[in-house]
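Chemist: The task is simple: from the sequences and hints, build the whole structure.
Residue-level listing of the chains:
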Amino acid sequence: MSAAVSIKHLGFRYPGQNNDTFTGLNLEVGPGERFGLFGPNGAGKTTLMNCMTGLLDFQQGSIHLFEQDIARHKKTTNRLFGFVPQDFSFYQELSPAENLAFFGAWYGLTKTEINNKTTELLEVLQLQDVRNKAVQKFSGGMKRRVNLAIGVMHNPRVLFLDEPTVGVDVHTRHAIITYLKALNNNGTTLIYTSHQLSEAEDLCNRIAMIDDGKILVHDSIEQLLIDHEEEGLEGLFISLTGKNLRDA
Amino acid sequence: MYKLWATIVKDIQILTRDKLGLIFMFVMPIVLAIVITAVQNSTFEMLNTNRVPMLLCNKDTGAAGKQLVTAISKVGMFDLKMVEAKENIKSISERMHAKDAVIAIIIPDNFTAKIEQKADDIAHKALKNMGLDIDSASKATDSVEPITLLYHPVLQESFRHSIQGALKSSLQVVQSKQVLKSIYFSLNEKELPGSLENEMLNNQVAINEVPVSRDGSRNIPNASQHNVPAWTVFAMFFIVISLGGSVVREKLNGSFIRLKTLPTNYIVALISKQLTYLFVTLVQAGVVFAIGVWLFPSMGLPKLNLPSDITGVFIVSLICGWCAVSYAIMIGVFAQTQEQANGIGAVSIVLMAAIGGLLVPSFAMPDSFQFVMKMSPLHWCLEAYYGLFLEGGKLGDVVLNILPLLGITFVIQAITLYGLKRKNLI
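Which chain is which? The protein sequence lines are V and Y, in order. First residue of the first sequence? That's 1 in my numbering, and the numbers climb one at a time after it. First residue of the second sequence? That's 1 in my numbering, and the numbers climb one at a time after it.
The set of hints was computed from the structure by calculation and includes no laboratory data. Wrong hints could be hidden among the right ones.
In silico contact screen, one side only, chain Y against chain V (beta carbon under 8 angstroms); selected entries [stated by the list, open to error]: (1) Y2; (2) K3; (3) K10; (4) I14; (5) R17; (6) G254.
Simulated crosslink set (DSSO-like; lysine-lysine; CA at most 30 angstroms straight-line) [what the hints assert, rightly or not]: (7) Y:K260 x V:K143; (8) V:K143 x Y:K251; (9) Y:K74 x V:K133; (10) V:K117 x V:K143.
Cβ atoms here follow ideal geometry from the backbone N, Cα and C, with glycine treated the same way.
Modeler: Here's what the structure looks like:
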């Protein structure tokens with residue numbers, strides 16, 4: 001079966017920078033995987049995710065989603081994936097239902113599909129009671145759930161999640177993780193970044209450690225812990241990336 | 001098509017929830033139109049209806065002095081207050097400081113004698129020139145002592161010039177009368193008959209004032225006809241505050257990042273914004289025009305007379321609105337922050353209004369500004385509206401104003417697309 005995401009010899013440099021962020025980076029994520037991308041601040045996690053979602057144009061190499069080249073077939077590949085950015089990516093003046101109606105139309109869904117999916121998502125993510133209230137008055141946790149709902153509106157085959165649980169309480173985190181697992185059980189591939197290593201153990205079945213634009217290791221959590229003789233992900237993280245603080 | 005419809009619905013929802021923005025878009029042009037029209041209307045009334053208070057001190061005891069006073073009173077511009085002959089410049093100035101009048105005239109004490117002397121001299125020269133030199137004893141004449149015109153500094157220069165013109169005209173009547181009398185006396189050795197004097201001096205050619213209009217109507221343009229279209233154009237372009245800010249907000253907040261990952265081109269969002277805000281500009285124009293027609297008369301302001309070509313007004317409003325919306329989007333695309341969009345947007349609109357003839361009439365612009373003026377889209381909007389509202393023209397008459405406006409709009413659209421492409425937004 002073709003890979004959900006296949007990155008080959010990726011080269012990327014931000015305009016005006018002297019050094020490459022990525023040089024010859026390779027990575028493959030299989031369909032149905034729950035893949036975590038971890039690393040210290042400034043390691044290149046978000047940049048890699050932006051390259052995979054087409055937000056950044058890379059200079060070298062290729063990225064394929066289910067064998068579709070994202071550089072050549074942007075419109076087609078944009079239908080294959082959903083994206084949940086770290087920032088709240090919706091209109092705060094609108095209600096959850098209004099946001100879903102707008103973004104649903106932009107995903108290419110019909111009015112009926114939008115209505116059905118809106119009811120389903122608001123129910124599952126426990127936003128039914130506030131479906132017609134302006135999002136700007138919501139708590140951080142509620143906004144995170146709206147952010148997630150918009151990303152999965154069109155039943156994507158791959159879902160990119162950039163820190164989807166940052167700044168939320170335990171209950172919201174649990175609700176989000178549970179929902180993501182259910183989504184994965186229905187066949188959606190998850191590609192996920194976070195600083196919460198405990199979440200990785202709970203959610204991911206394979207991870208990659210990234211630092212300074214290079215993938216240091218990638219394998220299942222169990223195998224990585226055995227290979228590096230560590231008891232937990234935090235120890236593995238420190239042993240691979242060092243103890244220096246990263247403020248970039 | 002459903003994508004565009006959903007985007008328009010989204011834009012309308014966001015627009016209608018921005019109460020402050022709505023107030024700014026609709027209340028500001030109404031207030032501007034009312035205030036500026038009221039101010040300009042009172043100036044018109046002061047010039048046309050009210051009389052300017054004038055102090056007149058006639059130190060002369062002769063006939064010419066009296067004739068000059070009569071001539072000035074017949075001008076109709078002044079509310080004459082006679083002051084005693086013993087008063088001087090200082091005391092009259094004090095009266096003016098006390099706001100008794102904004103203008104004063106002092107006729108010198110030997111005015112009649114000097115005028116008669118000067119008239120005799122001119123008559124003598126004229127007769128000599130014609131070979132009818134009856135009395136060869138020509139006397140040397142002293143120059144006539146000038147009439148003193150005192151004016152309050154608040155008086156605008158243009159108004160002062162018109163007062164001077166009226167005064168010179170009155171003076172001309174008195175001088176001509178004396179010259180005529182003198183020539184008549186020299187030829188006939190008797191006084192000029194009163195009936196002949198009146199016929200020769202007062203039977204002047206009348207001036208028939210006709211405002212130039214394309215539809216042949218003789219409606220005299222009022223302050224509303226000037227101001228309502230002008231401030232409607234200004235308000236349309238001031239949409240830059242709301243729309244430019246909206247584009248920047250969308251760019252800066254996360255929604256834009258998500259939009260870029262969706263299988264829909266951002267051009268759809270731009271078309272939606274253009275349609276939504278174009279509708280807003282048309283409503284703005286409709287509201288301001290309606291107020292000019294129905295509310296102004298009840299406020300004591302002149303009624304706005306709508307042109308006969310309402311379709312023309314609609315099309316001109318549509319094109320002006322489209323240009324305004326295009327400009328606002330361009331500012332939003334290039335601005336990095338909302339403050340930048342608001343600042344650059346507002347200042348540029350005021351500048352374009354100034355050079356475009358909204359604040360100062362375009363004919364009053366220096367030659368060096370005539371080219372720059374044509375670069376302002378507000379100038380072409382105003383000219384197109386004036387063609388309809390002031391000149392009574394039809395759409396065909398203002399095509400030459402619409403075409404440059406469309407040209408500017410296309411250039412703005414092209415710059416916007418270039419900006420979006422350069423910023424990797426489309």
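Chemist: None of the hints should be skipped; say for each whether it holds.
Modeler: Going down the list of hints, with the structure as the test:
1. Y2: holds (6 angstroms)
2. K3: With a closest approach of 5 angstroms, the Y:K3 hint holds.
3. K10: Holds: closest Cβ of chain V sits about 4 angstroms from Y:K10, inside 8 angstroms.
4. I14: Hint holds; Y:I14 Cβ to chain V Cβ min 5 angstroms, cut 8 angstroms.
5. R17: Interface hint status for Y:R17: holds (5 angstroms vs cutoff 8 angstroms).
6. G254: holds (3 angstroms)
7. Y:K260 x V:K143: With Cα atoms ~20 angstroms apart, Y:K260 and V:K143 stay inside 30 angstroms; holds.
8. V:K143 x Y:K251: Distance of about 19 angstroms is within 30 angstroms: holds.
9. Y:K74 x V:K133: Judged against 30 angstroms, a Cα distance of about 74 angstroms means the pair is violated.
10. V:K117 x V:K143: Answer holds: V:K117 to V:K143 is near 18 angstroms, not above 30 angstroms.
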